[in-house]
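Residue numbers (this note's numbering), protein chains in the order written: chain A, 163 to 259; chain B, -12 to 117.
Source of the hints: derived by calculation from the structure; they are not laboratory data. Ideal placement from N, C-alpha and C gives every residue a C-beta, glycine not left out. There may be inaccurate statements among the hints.
Label-pair distances were calculated between CB atoms; the ranges are [claimed, not checked]: (1) B:67 x A:166: 46 to 54 angstroms; (2) B:71 x A:165: 47 to 55 angstroms; (3) A:225 x B:49: 42 to 50 angstroms; (4) A:225 x B:101: 43 to 51 angstroms; (5) A:249 x B:63: 47 to 55 angstroms; (6) B:29 x A:170: 50 to 58 angstroms; (7) B:103 x A:181: 48 to 56 angstroms; (8) B:29 x A:251: 29 to 37 angstroms; (9) A:238 x B:30: 49 to 57 angstroms; (10) B:112 x A:254: 22 to 30 angstroms; (11) A:181 x B:-10: 19 to 27 angstroms; (12) A:165 x B:13: 24 to 32 angstroms; (13) B:71 x A:195: 34 to 42 angstroms.
So, partial list: chain B residues that the calculated Cβ filter (under 8 angstroms) puts toward chain A [to be verified]: (14) 14; (15) 49; (16) 58; (17) 103; (18) 104; (19) 114.
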Amino acid sequence: MSEWATGSVIITHNVGLHARPSVKLTKLAKGFGAVIEIAGSSDGPWIDAKSIVKVMAMKAKQDSTLHVRATGADAAAAVTALTGLVERDFDEGGHVA
Amino acid sequence: MSGNVGIVIVSHSPDVAKGAADMVRQMVGDEVPLGYCGGDPDGGLGTSVEMIMAAIETAWSDAGVAILVDLGGAETNSEMAIELMPEERRSRIVICNAPVVEGAVMAATEASGGGSLADVKRTAEELSPQ
Chain A
163 MSEWATGSVI ITHNVGLHAR PSVKLTKLAK GFGAVIEIAG SSDGPWIDAK SIVKVMAMKA
223 KQDSTLHVRA TGADAAAAVT ALTGLVERDF DEGGHVA
Chain B
-12 MSGNVGIVIV SHSPDVAKGA ADMVRQMVGD EVPLGYCGGD PDGGLGTSVE MIMAAIETAW
48 SDAGVAILVD LGGAETNSEM AIELMPEERR SRIVICNAPV VEGAVMAATE ASGGGSLADV
108 KRTAEELSPQ
């Protein structure tokens, strides 16, 4: 089976994974060749981080944990990049999305 | 311009069309060719084939153009606009069966990642009730 790089991060953004953060996360994910999935629980369900519709439908809330896993050549970099974006509050500094 | 699929927004209201386009620009960015139009040439609510053709021209990409429409005439006039385009372009222009504002943002997000015209259309239409 494929090897997964994994990571998790707490969503501190004041409205959680809403429209604008979802777009940013999806766009970032699309820049990697790896298969990238995210989930609200380490048990899943895992969804495709490159699907804007699925990411937005997840409605991950503030203070919840976002789990990230990836597999492929640039998997480790992808996990670092995605968790980094969430840690940086999607580079918005509490801006209402 | 990039080789990303272009997005066209067609609404009966110029304000809705511009507002949806603003959302695409602010939420997704500048890497997606974007055109929009709304209202009839006299300034009332409606859509015009000529304005839709101009919006398609603005958003044109060799990867194709996906059109988001609101109601009735927006769709039929978009179909007419496509028919009046040069033949080699017609097969690369599609109308998405999706809500105009949400569909535009979703389609543009998919387009920004280099998705194909079929990917972009499918992403916008994923929003519609199953």
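Quiz item: With a cut-off of 8 angstroms, does the beta carbon of residue 49 of chain B approach a beta carbon of chain A closely enough for the hint to hold?
Solution: Since chain A brings no Cβ nearer than about 20 angstroms to residue 49 of chain B, farther than 8 angstroms, the hint is violated.
Quiz item: Regarding the hint that residue 14 of chain B lies at the interface with chain A, is the smallest CB-CB distance below 8 angstroms?
Solution: Cβ of residue 14 of chain B sits 5 angstroms from chain A, so the hint holds.
Quiz prompt | Hint validity - residue 114 of chain B Cβ closer than 8 angstroms to any chain A Cβ | solution = 6 angstroms, holds
Practice problem: Starting from the range 22 to 30 angstroms, see whether the pair residue 112 of chain B and residue 254 of chain A falls in it by beta-carbon distance. | Solution: Roughly 29 angstroms apart at Cβ, these two residues keep to the hinted range, so it holds.
Practice problem: Indicate whether the distance between the beta carbons of residue 238 of chain A and residue 30 of chain B respects the range 49 to 57 angstroms. | Solution: For residue 30 of chain B against residue 238 of chain A, whose Cβ atoms are near 56 angstroms apart, the range 49 to 57 angstroms holds.
Quiz item: Minimum Cβ distance from residue 103 of chain B to chain A below 8 angstroms?
Solution: This interface hint is violated because 13 angstroms lies over the 8 angstroms limit.
Quiz item: Does 34 to 42 angstroms hold as the CB distance between residue 71 of chain B and residue 195 of chain A, or does it fail?
Solution: 40 angstroms, holds
Quiz item: Regarding residue 165 of chain A and residue 13 of chain B, is the given constraint of 24 to 32 angstroms on their beta-carbon distance met?
Solution: 38 angstroms, violated
Quiz item: Lying within 19 to 27 angstroms: is that true of the beta-carbon distance residue 181 of chain A to residue -10 of chain B?
Solution: Holds - the Cβ-Cβ distance for residue 181 of chain A and residue -10 of chain B, about 26 angstroms, lies within 19 to 27 angstroms.
Quiz item: Between residue 103 of chain B and residue 181 of chain A, is the Cβ distance one that fits in 48 to 56 angstroms?
Solution: 24 angstroms, violated
Exercise. Determine whether the Cβ-Cβ distance between residue 225 of chain A and residue 49 of chain B falls within the hinted range of 42 to 50 angstroms.
Key: At 45 angstroms between Cβs, range holds.
Quiz item: Okay, residue 249 of chain A versus residue 63 of chain B on CB: inside 47 to 55 angstroms?
Solution: 49 angstroms, holds
Checked against the numbered hints given earlier, this structure breaks hints 4, 7, 8, 12, 15, 16, 17 and 18; the rest are met.
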